[in-house]
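Bring the two chains, given one by one in their own frames, into a single complex with the hints.
Sequence order for the protein chains is A and B. For the record, in the first sequence the residue sitting at position 168 is 165 according to this note's numbering, with numbers rising by one throughout. For the record, in the second sequence the residue sitting at position 266 is 269 according to this note's numbering, with numbers rising by one throughout.
Simulated from the structure, these hints should not be mistaken for lab results. Keep in mind it's a predicted model, so treat the numbers as computed, not measured. One or more hints might be untrue.
Just so you have them, the derived chain B footprint on chain A, three or more residues with Cβ under 8 Å [claimed, not checked]:
(1) 46 to 58
(2) 81 to 91
(3) 181 to 189
Derived CB-CB ranges, DEER-like [said to hold, decoys possible]:
(4) B/Asp89 x A/Ala310: 37 to 43 Å
(5) A/Thr23 x B/Ala194: 33 to 39 Å
(6) B/Arg186 x A/Phe158: 47 to 53 Å
(7) A/Gly282 x B/Asp89: 32 to 38 Å
(8) B/Phe203 x A/Gly160: 36 to 42 Å
(9) A/Lys6 x B/Gln166: 54 to 60 Å
Away from chain A, derived, C-beta distances all over 12 Å, residues of chain B [said to hold, decoys possible]:
(10) Ser6
(11) Arg10
(12) Phe25
(13) Asp189
(14) Cys219
(15) Lys265
Where is the CB? At the ideal position from N, CA and C, for every residue including glycine.
Residue strings, one per chain:
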Amino acid sequence: MNAPFETSKLHDCRDAFVATLERLGTANEDIVAVCNDSVGSSKLAGFRDKFPERLINVGIAEQNMVGVGAGLANGGKIPFVCAASPFLTGRALEQIKADVAYSETNVKLVGISSGLAYGELGATHHSIEDFAWIRALPNVPVIAPADRVETAAVIEWAANFEGGCFLRLSRVGVPDLFLEDHNFDLGRANVLRQGSDLTLIANGTLTHRAMSAAEILDAKGVSARVLNMATVRPIDTTAITTAAKETGAILTCEEHTLFGGLGSAVAEVVVDACPVPMKRLGVPGVFAPTGSANFLLDEFGMSPDAIADSATALLKRKG
Amino acid sequence: MDSRDLRIIANRVRQRDLQAVFEAGAGHIGGELSVTDLLTALYFKIMSVDPAAPLDPDRDRLVLSKGHTALALYVVLAERGFIPKDEISTFLKPHSRLNGHPNRTKVPGVETNTGPLGHGLPIGVGMAKAAKLNNASWRTFVITGDGEMQEGSNWEAIMSAAQFKLDNLTLIIDHNRLQQGARLADTNDIAPLRPKLEAFGWDVEEIDGHDMDEICSALADDRVGLGKPKCIVAHTNKGHGVSFMSDNVAWHHKVPNEEQYKQAMIELEEAAL
Ligand SMILES: Cc1ncc(C[n+]2csc(CCOP(=O)(O)OP(=O)(O)O)c2C)c(N)n1
Ligand SMILES: [Mg+2]
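Excised from the complex, chain B in its bound form (with noise of 0.2 Å):
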């Protein structure tokens, strides 16, 4: 699949995740809209997984450790044949298996219940070892939000990944330079990133988190050998790909109006290939 097929993609989740935040009238759609482009490529073009097959002991596994970009993944994982398309309309909905932060028990394709930010490169850390442990091909991808990167436990992974030299693990982190009340660098900035993972043993990458290309060329790069887990700085957008959500704080969890969802979805339809 080339970058071409997966912007036609990733425009179609934009489009199905905001409608369904505007239907369920929550979702977290600035996360959402800034991870969209890393998610279509990992499960269109890098991760080996079999829809048919979500526990194939071979399979890549993907920890979206900013859980509450849930709606993000479903969306994806419908679109890759994981679920049905049209149960994302039940997000939300009373008894769905699609709540605000995804559920392995429940959601096909899913490794592990997100939510509490911070979590996920620990579970990461485990999965790489194991694959290790195991002699296997496989590899581990988390994707952090920048804000999340604040949590402690993020780096004593971080420490344990360059000891065990875990060259099988690749972090993302969705650098949007906004969490969830104001800018990173008002609140606790931890901006750059590259030094401090640098400083702790990490290769590291920097790339425009919204260009198929650059992101397929940072991901693809297997380094199984080399000795050192890899962060892919993702420089993002908050609310990417609607002009009046991009890069504004208001949106990490605002729902549109009606007005704001039609003028939404034409600079989605405008931006469609």
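Okay, chain A solo, but in the shape it has when bound (with noise of 0.2 Å):
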């Protein structure tokens, strides 16, 4: 337990989702893809090779997109929806609201390159935004896999789940976190790492992240649990009551805005279930500058290191 994780080799999760869609698409024939003319930044090529008449691509149209998805569903398809995650969420909401949470329709909803992947390209490109958006929704779980061990695991989950979902992917580099054997179970956190001072809370791009911090924190005497919590809805109130009783302190860190999103997530629990000081880690409400993904998860003050000072500045509002 607590042994260093290897952090030089870093993996696009693409790959592992585009991997996973493949060997289940070989197995299962319903499976489909539909696209925005996005077969590139969706890595699906390898796809529309292998399955040339189930790579659907309706091009530069993402509300016929997720029309399309939920009437594939209709017709006994499990369609994976792919575009880049701020197009799929804030073009179709009203799709995925209507077509896909409200008449339960079994499509797959693969937000590709979200949060601040798309980094240089701008504030219209970032998806902040997401979690809050779907969470809002009734029906439709959102999970954001941690690396490409979790990502395959919940692609996996996925085409065996009755109903809808979104999958929120990176393409931001990442290194291994979880074992290969590793299922996913919808709702449950891993405890990635134990610890009793503090939790940090983290999913997506910024576990390994708060696994790097919690090490700067071990080397300071501060010991951290760290809860890896890809499924944000239905979110995992037991591991975060018990965080909270046992280690009296919570930090969540995520790539997504302070409103709505993980760090809301966790704070409903805590103030219902079990009130504990909280601090929440992520883009403050604004429309971020230009610079890389991981220049501007550094700016926003979560870089391991700083995520380790907000760490000790909040072990002091510890009673």
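This is the structure we're talking about:
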């Protein structure tokens, strides 16, 4: 337990996504991919070459794309609707609400290059509102895997899950965190590191940063628990209340605006069930300036060192 | 300014654009090279704009709806004096106001923040309608990509523009036949564009989008009073001006390596008049 993890090798989780989709697609011909001129950015060329008739590219037309996905689901298909997350969630939000969530259709929404992944392209291309938007809807689990192993596990889970879901992927390289045999459990957080002084909760590209922060804290004699909370809805109430009771303070980190994302979801549980000092790290309600994703995360106080500093400050508020 | 002068400027814009893409290691070179002649003609010949008063209420408006080619707009705005020319070297750098898509709150001369495709034309309809309500004579120009015309929002705006008789609105479609990942013909083939726009009540003119004389004459055509919006289908080449980029979908957002960069620069320098 709490062995240092290897941070030198970084992986683009889109590769795990498409490798899994291609494997599942071989076994189940109902699996189809739907996209919006995003074969390249969604890395779907391999799927297209294997199953040309099952790659449905509607062109640059996201509302149509999600509607088509709902229709395919109605016809017994298992559509993975893949697009850059800002356009999938922002542009087609009403289709997601009415055609997927409300109609309870079996549509797998795959938001590619979410969060700040498109860094320099600017705020139109940042998807730092998608947790909040989709989390507000019933019936659509919201999931942000943290590494390639968890990504593969989530895709496998989604293909077998009866119902719509939103899978939030990145293109920014992340180190391995999970062992190969990891299984994804909807709504269950994973303790990646044991600790007793406070709990760091993160998902997606922030989990490995939280893990590094925990190592920095450890060197200073602070024992930080790290919870990987891939599922933002339904949120793991048990893990959060246990963490609050056992460690007495919670720090959340997310590649998302502080308005309505992971930190908000955790805080909702904390205030209701077990109020303890909390600090939320994320994008502080602004449109981000120009810069790469990793630059912006550092800029917004989410470098491992800055996370550790926020944790230290939070500990001072513990009774 | 005559067509020869405009061609000289457009060539300079292409060179500066290419250099910035090479140095930043990112950009959308294909669509930038295809839209450069149109932007040059608009800013140096057609539009009434004043870099000293970028928010003059009577200015002509341009919306670059294909916002991914912001760099071409930045370079043209710099050439025209809206922003310092040496600022182009900050493109995509941390905290630069020149990010990958244009931002009106930061860059003078930019009318609206584009980037998600299919936003510019509805905004252009609103601008043109405002001019009508104000009895103002300024004109509104919107440039879209041809792939971008697959967005349904454009067709909603096309209907509004005809219904509102917006003869002060000009839509220019940069018809380079390529989108991000493939040819339009292999994705969602909306060509031919002319009959579709005509069916919706627009006047349509087709031009060679790299011929300055044709561009200027199509854009100069002030049609106020005729009661119909106008669409210019500009037949262009993605990557125009660089042989190995031209009409090649790989160059949607590829970045040239050192050798390709030199080769491309040589071609552009040779084409300079
Ligand atoms: C709503 C939306 N969907 C997808 C994209 C991603 N995207 C950026 S450029 C592009 C292709 C645009 O093709 P086209 O309009 O033909 O432009 P051009 O050929 O002039 O570059 C795509 C799909 C986007 N920017 N906005
Ligand atoms: Mg095009």
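These are the hints, each one checked on the structure:
Note: the region 46 to 58 of chain A has 5 residues with beta-carbon separation from chain B under 8 Å; the three-residue rule is met and the coverage holds. By the rule of at least three residues with a Cβ nearer than 8 Å to a Cβ of chain B, the coverage given for the region 81 to 91 of chain A holds, with 4 such residues. Chain B is given as covering the region 181 to 189 of chain A, and this is violated because 0 residues of the stretch bring a CB closer than 8 Å to a CB of that chain, at least three being needed. Taking 37 to 43 Å as the suggested C-beta distance range, the pair aspartate 89 of chain B and alanine 310 of chain A conforms, at roughly 41 Å.
Under the hint 33 to 39 Å, the C-beta atoms of threonine 23 of chain A and alanine 194 of chain B, about 36 Å apart, fit the expected range. Taking 47 to 53 Å as the suggested C-beta distance range, the pair arginine 186 of chain B and phenylalanine 158 of chain A does not conform, at roughly 36 Å. Against the hinted window of 32 to 38 Å, the Cβ-Cβ separation of glycine 282 of chain A and aspartate 89 of chain B comes to about 33 Å, which satisfies the hint. Against the hinted window of 36 to 42 Å, the Cβ-Cβ separation of phenylalanine 203 of chain B and glycine 160 of chain A comes to about 40 Å, which satisfies the hint.
One distance hint, 54 to 60 Å for the beta-carbon pair lysine 6 of chain A and glutamine 166 of chain B, holds here, with the actual separation near 58 Å. Every CB of chain A is more than 12 Å from the CB of serine 6 of chain B (nearest about 33 Å), matching its label as outside the interface. No Cβ of chain A approaches the Cβ of arginine 10 of chain B within 12 Å, the least distance being about 31 Å, so the stated non-interface status holds. No beta-carbon of chain A comes within 12 Å of the beta-carbon of phenylalanine 25 of chain B; the shortest separation is about 15 Å.
Taking the minimum C-beta to C-beta distance to chain A, about 9 Å, the non-interface status of aspartate 189 of chain B is violated against the 12 Å cut. For cysteine 219 of chain B, the non-interface assignment is confirmed: its Cβ lies about 30 Å from the closest Cβ of chain A, beyond the 12 Å cut-off. Annotated as non-interface, lysine 265 of chain B keeps its C-beta farther than 12 Å from every C-beta of chain A; the closest such distance is 25 Å.
Hint compliance for this structure: hints 3, 6, 13 are not met, and every other hint is.
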